[in-house]
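*Asks:* As a plain string of letters, each chain reads:
Protein chains: 2
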Amino acid sequence: MTLAPKPKSKAQLSSITERMQALVADDLAAVERLLATRAASPVAVIPDLSGYIVSAGGKRLRPMITLIAAHAVGKANAATHALAAAVEFIHTATLLHDDVVDESDLRRGKPAAKAIWGNKAAILVGDFLFARAFNLLVEANSLDILNRLATASTVIAEGEVRQLAAMATRDLPTEEYLAIVEAKTGALFEAAAETGAMSAGGEEYSDALATYGKNLGLAFQIIDDALDYGGTTSVIGKSVGDDFREGKITLPVIIARRRGSDEDRAFWDRALNPETQEDSDLAHAVHLIRATGAAEATVQEAEAYAALAKGALRTLPASTYRDALEDLADFCVSRAY
Amino acid sequence: MTLAPKPKSKAQLSSITERMQALVADDLAAVERLLATRAASPVAVIPDLSGYIVSAGGKRLRPMITLIAAHAVGKANAATHALAAAVEFIHTATLLHDDVVDESDLRRGKPAAKAIWGNKAAILVGDFLFARAFNLLVEANSLDILNRLATASTVIAEGEVRQLAAMATRDLPTEEYLAIVEAKTGALFEAAAETGAMSAGGEEYSDALATYGKNLGLAFQIIDDALDYGGTTSVIGKSVGDDFREGKITLPVIIARRRGSDEDRAFWDRALNPETQEDSDLAHAVHLIRATGAAEATVQEAEAYAALAKGALRTLPASTYRDALEDLADFCVSRAY
Chain A
3 MTLAPKPKSK
13 AQLSSITERM
23 QALVADDLAA
33 VERLLATRAA
43 SPVAVIPDLS
53 GYIVSAGGKR
63 LRPMITLIAA
73 HAVGKANAAT
83 HALAAAVEFI
93 HTATLLHDDV
103 VDESDLRRGK
113 PAAKAIWGNK
123 AAILVGDFLF
133 ARAFNLLVEA
143 NSLDILNRLA
153 TASTVIAEGE
163 VRQLAAMATR
173 DLPTEEYLAI
183 VEAKTGALFE
193 AAAETGAMSA
203 GGEEYSDALA
213 TYGKNLGLAF
223 QIIDDALDYG
233 GTTSVIGKSV
243 GDDFREGKIT
253 LPVIIARRRG
263 SDEDRAFWDR
273 ALNPETQEDS
283 DLAHAVHLIR
293 ATGAAEATVQ
303 EAEAYAALAK
313 GALRTLPAST
323 YRDALEDLAD
333 FCVSRAY
Chain B
3 MTLAPKPKSK
13 AQLSSITERM
23 QALVADDLAA
33 VERLLATRAA
43 SPVAVIPDLS
53 GYIVSAGGKR
63 LRPMITLIAA
73 HAVGKANAAT
83 HALAAAVEFI
93 HTATLLHDDV
103 VDESDLRRGK
113 PAAKAIWGNK
123 AAILVGDFLF
133 ARAFNLLVEA
143 NSLDILNRLA
153 TASTVIAEGE
163 VRQLAAMATR
173 DLPTEEYLAI
183 VEAKTGALFE
193 AAAETGAMSA
203 GGEEYSDALA
213 TYGKNLGLAF
223 QIIDDALDYG
233 GTTSVIGKSV
243 GDDFREGKIT
253 LPVIIARRRG
263 SDEDRAFWDR
273 ALNPETQEDS
283 DLAHAVHLIR
293 ATGAAEATVQ
303 EAEAYAALAK
313 GALRTLPAST
323 YRDALEDLAD
333 FCVSRAY
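Chains as they are written, first to last, in this note's numbering: chain A, 3 to 339; chain B, 3 to 339.
Everything labelled a hint here was simulated from the structure, so no lab data went into it.
Please read these numbers as outputs of a predicted model, since none were measured by experiment.
Any given hint could be a false lead.
Identical copies carry no separate label here, and so any pair may be met within one copy or between two of them.
Claimed, not checked - Taking lysine-lysine pairs in the DSBU-like style, the calculated list, with each CA pair at most 30 Å apart, reads:
#1 112 with 122
#2 112 with 250
#3 122 with 250
#4 61 with 250
#5 61 with 122
#6 77 with 61
#7 112 with 61
Bound-form chain A, shown alone (with noise of 0.2 Å):
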């Protein structure tokens, strides 16, 4: 597949994230500290709950995506900081809700917030987080801006109630799925490239960036969906099954079970149903989707939508920026390996 990236070492990974952190080191520390100062609350819940959450081994890979995008197309400012703050706090809060909604008490091998302070704390810890980040929005200084964050931000609720329907329906078309991930994670990522760009005098750049952003989150997204199943190698991780507890389609599920058996499918309909699934149904489900080539086949379609990524950054003017988006994109589908 020429399109696809070429699979990056462990080393070179994670010196691909630390260039993009060195890059830019002086704008992150600028967003960490509005992170910091804008959750602050009287009522001491809502600072401890968001502090557990914004601060527990979050990549920062949305407000990167913005800043990185502003230095690419123009120079990043006061606003583009108050923007990828903004940013951070919506996705906070929809990692709030999504707990609450998915009924998962881990995320990534830690408590959920949820299991801490329990359910009705994350949903109304996860509004004022939402409300904060609109605040945010206003230091960003533009209507238009704030505009494309709030449709983002119906736009994640749409595809998070699609997600729900999606729940009851076994043979999920790919589309569907495709519709949902776009939605739920694509939107954000979408929006935080383009108002990056919008933010630091670069608009003529919006559009190339609104498409690198949407297609890096369906990359992302995707290879998450793949993660949940240990990706394409044999360690099962701390964080992998989640997805399949709770019984939602993805696209490793949905290549597998297009791919197997009779028998095979009827596993697939009575493991995904969290009323019938056992304790040993996960281990079988990674075999199936191994044993069917679904795991590559996963990897390959998030590779496809990195490559559509980076091709949007084409008429970009060269500079390191760009070709840090470019290393992101390597960077999202590479964690499979």
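Following the hints, complete the assembly by docking chain B onto the known chain A.
*Replies:* Only chain B this time, still in chain A's reference frame:
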């Protein structure tokens, strides 16, 4: 009590709301069109669920405050309409999340949306409407107005979190109760009135209208809390007892507890714990609230806030709109009789 408004008859009350609706009929029709069209989504659950709650007997009190405040100090316009619709969407989003947080299956005697569509959909459609409110606020075309509503939304979430913590506090100080009410209800009434003025070119009156709105919101919520125990009438309506069943500490309880015997306090401590509450407890709670005069004392507290609300209107130019805002304050407290 000289500050207290004279109680009005039921016929007078209903003529107040009719008169107010007639006064801003064209504006209200424009707001209704926005509420209907802006909840649209290709994901059917979203308009179904939001249509159910948006049209479920809503009095449109908050958008009406925005519209009448605008007319009282300037000219209501398309920005005012978008703003008023946004205020109602924010209110609706908080209702959806409140019902999940409060674990209540009924809202004003009808099944809560979460009881029909489930908690997950209620959380996500709340998020959708909240985001859509900010799309509408972009149409109000003022970052200052938008910032006020974003801040009000953070304050509402803070108030809800404080209310959660207060559930475990049997001898809740009146000051903490009032701070919660000011945050969870006063903040949106305040912003609705203040930004109504801002949207209509009446900035010089926005502080007065903010004071009006905040005190009106306090009066309204305190009366609501009295009505949950039947107000000062002996008829127990179908929406009585929600707060009691959830173990919420409200002003009638605080006063009845303080004025009661040790035995009464032991009753409140047991009965307000949902785990030890018995079916027959509500009738005894209503009895204690009447017998100790807590119902009247609660209504008097609301009347004092209504008087403060009306006092804040004094600097406004005389008009039928200013009169309507005064009548609205009377309406809010007279519901308890």
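*Asks:* It remains to establish, for every hint, whether it holds in the given structure.
*Replies:* Status of each hint after checking the structure:
1. In this assembly of identical chains, residue 112 and residue 122 lie within 30 Å of each other by CA distance both inside one copy and across copies; the values are 19 Å within and 22 Å between.
2. Only within a single protomer do residue 112 and residue 250 lie at most 30 Å apart by alpha-carbon distance; the minimum there is 20 Å, versus 32 Å between protomers.
3. In the homo-oligomer, the alpha carbons of residue 122 and residue 250 lie at most 30 Å apart both inside one protomer (24 Å) and across protomers (14 Å), since each shortest distance falls under that limit.
4. In this assembly of identical chains, residue 61 and residue 250 lie within 30 Å of each other by CA distance solely inside one copy; the values are 24 Å within and 40 Å between copies.
5. Taking the shortest alpha-carbon separations for residue 61 and residue 122, both the intra-copy value of 26 Å and the inter-copy value of 27 Å come in at or below 30 Å.
6. Taking the shortest alpha-carbon separations for residue 77 and residue 61, only the intra-copy value of 23 Å comes in at or below 30 Å, while the best inter-copy value is 49 Å.
7. In this homomeric assembly, residue 112 and residue 61 come within 30 Å of each other (Cα to Cα) only inside a single copy, at 15 Å, whereas the closest approach across copies is 45 Å.
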